[in-house]
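Asks: Chain order of the listed sequences is A and B.
Everything in the first sequence is counted per my numbering, starting at 578 for the first residue and increasing by one.
Everything in the second sequence is counted per my numbering, starting at 262 for the first residue and increasing by one.
Just so you know, the hints here were simulated from the structure itself, not pulled from any lab data.
Note that the structure is a prediction, hence the values are computed from the model and not measured.
Any given hint might turn out to be false.
[Said to hold, decoys possible] Here are the in silico distance ranges between beta carbons for each label pair: (1) E330/B x R654/A: 41 to 51 Å; (2) K657/A x G323/B: 43 to 53 Å; (3) G741/A x G323/B: 23 to 33 Å; (4) G324/B x D834/A: 41 to 51 Å; (5) D659/A x E356/B: 51 to 61 Å; (6) D695/A x M262/B: 16 to 26 Å; (7) G272/B x G600/A: 44 to 54 Å; (8) R654/A x F275/B: 46 to 56 Å; (9) M882/A x P320/B: 20 to 30 Å; (10) E280/B x D973/A: 17 to 27 Å; (11) E356/B x N829/A: 44 to 54 Å; (12) E280/B x K712/A: 20 to 30 Å.
[Said to hold, decoys possible] Below, simulated DSS-like cross-link-like pairs (lysine-lysine); rule was C-alpha separation at most 25 Å, straight line: (13) K264/B x K640/A; (14) K921/A x K884/A; (15) K776/A x K321/B; (16) K776/A x K925/A; (17) K269/B x K640/A; (18) K958/A x K972/A; (19) K321/B x K886/A; (20) K321/B x K884/A; (21) K886/A x K932/A; (22) K321/B x K645/A; (23) K972/A x K957/A; (24) K886/A x K645/A; (25) K321/B x K269/B; (26) K663/A x K269/B; (27) K274/B x K645/A.
Glycine included, C-beta positions come from ideal geometry on N, C-alpha and C.
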Amino acid sequence: MAIVIIGAGQAAGQAAASLRQEGSDEEIIILGDEPHIPYSRPLLSKEYLAGHESARLYLRAEKFYTDKNVTMRTNTRAEKIDTAAKTVTIEGGEVIEYSNLLIATGSRARILNIKGSDLGGIFYLRTLDDVDAIKDAMAPGKKVVIVGGGYIGLEVASVAQTNGMDVTVLEAADRILQRVTTPEMSAFYDNLHTSRGVKVLTNTGVSGFEGEGTVTHVCCGDASIEADMVIVGIGIIANTELASEAGIECDNGITVDERCRTSAEHVYAAGDCANHPNPILGRRLRLESVPNAADQARVVAANIMGKDKTYAAVPWFWSDQYDLKLQMVGFSADGDTQVVRGDKSENKFSVLYLKDGALVAVDAVNCPADFMGGKALYGKKLNQDGLSNPDIPLKDLVLSE
Amino acid sequence: MTKITFVKHDGEKFEVDAENGTSVMNAAVDNLVPGIDADCGGECACATCHVYVDETWFPKTGGTNDAEEAIMSLNPDRQETSRLCCQVPVTDEMEGLVVRLPEFQF
Ligand SMILES: Cc1cc2nc3c(=O)[nH]c(=O)nc-3n(C[C@H](O)[C@H](O)[C@H](O)COP(=O)(O)OP(=O)(O)OC[C@H]3O[C@@H](n4cnc5c(N)ncnc54)[C@H](O)[C@@H]3O)c2cc1C
Ligand code: FES
């Protein structure tokens, strides 16, 4: 028997490490369908794509897993879970017994299924292999059309533009980043990309692709845009099929409780595939972020080791575009009032979102101090006089309760 | 390989062999040093890899960069020799480096 982890991504790597840190000496088997040991996905669309590999891509060195008795089975897809027999069946039919199981299958890119979408030169960006293929295809002067103005699409746009490509971003909604931020922040990022020479076309849905073997044109209704390559970033789908086919409860993700336990005994889920209750926000969420995956993995490890640990964290996220680092805490949509601190024209500002006077979200652009302030002061009532003055640290504006 | 010692808040010591060219943060996570979460993977975006460099060693780590300064500025546990260890590359000159861990990460 062993502790089995399905998926070899961010949550899986952290869970294995945390299990050893919590003192588990049971065998751990990680089943991952990619050919790689766990790596940092955020770097893919940032430093790795840009070719500045200052940070190490792999979360831990390969030696870590061998030293710690973690059996890493890459290129191995789990096909079935049997929660009664407590087994996982992998490709080829081998059956592996588990004492505890962690489903950390993450998510996959949503695929466009329209005319010409199977042409060559159309890429998605989820895995290391995806990015290696994109890097090979990118070259200065080439025309790249990016479908979807979300964070990943815009990060790719900034790298491609910086590398001298001709970049067009197509967004079906009336503004980029529509799903994740306010109209003001969308306008700021639209302006940022446009000023660097990216063509940002909103209200522009893609109806098909043309080309012979390889894409040459992207069709948007009557319009046609020339393209040497296309990168599609239109969101993700949580990998919940394995769980739902095993009768494990799912509802926009695998349903877990605050200890990351699923509806099946000895079966946990963590990361992009898990839908969890957040006691701080007072609602259920399925998040797509590394801190969420890592924190949930730590909670799973503690609970497997019989410790009573629950997950309660304010969500945070970041995105790098050009020389701007955006760091976010909480959800701006939760606020009823917003206050801008600093100077947008200097690309150094933060937007604070308050609800009934209490801080519920921060978007910080090149303002890491306000990001850290947001993490520390979440939920605190702030004095609104002075809030727009970036020289007054946020912590000095907290009202006593 | 370069020897680095991490000293936990309660005095417990972790002596590790770090590979040159990686970061002090990488050395900590590869060796299960507790308390270095490193959630952002070394992008200087999370500040969960805060350490205090032993005074005698601080100059050899090259001093803090602007991104690090900004993100640490609000940390109440900040000290003179604070670093985010994902920003500290491991080099031969660091043989014997000693860093201490704060009680909590921010
Ligand atoms: C390009 C890009 C940029 C991002 N940038 C950021 C960022 O800046 N900040 C941030 O916080 N988050 C970012 N994210 C999101 C973040 O990477 C994810 O939230 C995180 O990786 C989730 O971790 P996970 O372990 O749940 O899933 P993953 O890391 O996706 O790992 C799941 C693994 O399971 C494998 N798998 C699935 N099904 C099976 C099966 N049946 N058998 C075996 N293996 C299986 C998958 O192939 C995958 O390797 C980014 C994501 C991408 C793609
Ligand atoms: S690992 Fe995130 S700041 Fe160092």
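Asks: Could you run down the list of hints and mark each one as holding or not?
Replies: Verification of the hints:
no.	hint	in the structure
1	E330/B x R654/A: 41 to 51 Å	45 Å, holds
2	K657/A x G323/B: 43 to 53 Å	52 Å, holds
3	G741/A x G323/B: 23 to 33 Å	32 Å, holds
4	G324/B x D834/A: 41 to 51 Å	46 Å, holds
5	D659/A x E356/B: 51 to 61 Å	52 Å, holds
6	D695/A x M262/B: 16 to 26 Å	49 Å, violated
7	G272/B x G600/A: 44 to 54 Å	20 Å, violated
8	R654/A x F275/B: 46 to 56 Å	36 Å, violated
9	M882/A x P320/B: 20 to 30 Å	41 Å, violated
10	E280/B x D973/A: 17 to 27 Å	43 Å, violated
11	E356/B x N829/A: 44 to 54 Å	51 Å, holds
12	E280/B x K712/A: 20 to 30 Å	25 Å, holds
13	K264/B x K640/A	17 Å, holds
14	K921/A x K884/A	46 Å, violated
15	K776/A x K321/B	46 Å, violated
16	K776/A x K925/A	23 Å, holds
17	K269/B x K640/A	24 Å, holds
18	K958/A x K972/A	11 Å, holds
19	K321/B x K886/A	39 Å, violated
20	K321/B x K884/A	41 Å, violated
21	K886/A x K932/A	29 Å, violated
22	K321/B x K645/A	32 Å, violated
23	K972/A x K957/A	10 Å, holds
24	K886/A x K645/A	23 Å, holds
25	K321/B x K269/B	21 Å, holds
26	K663/A x K269/B	39 Å, violated
27	K274/B x K645/A	19 Å, holds
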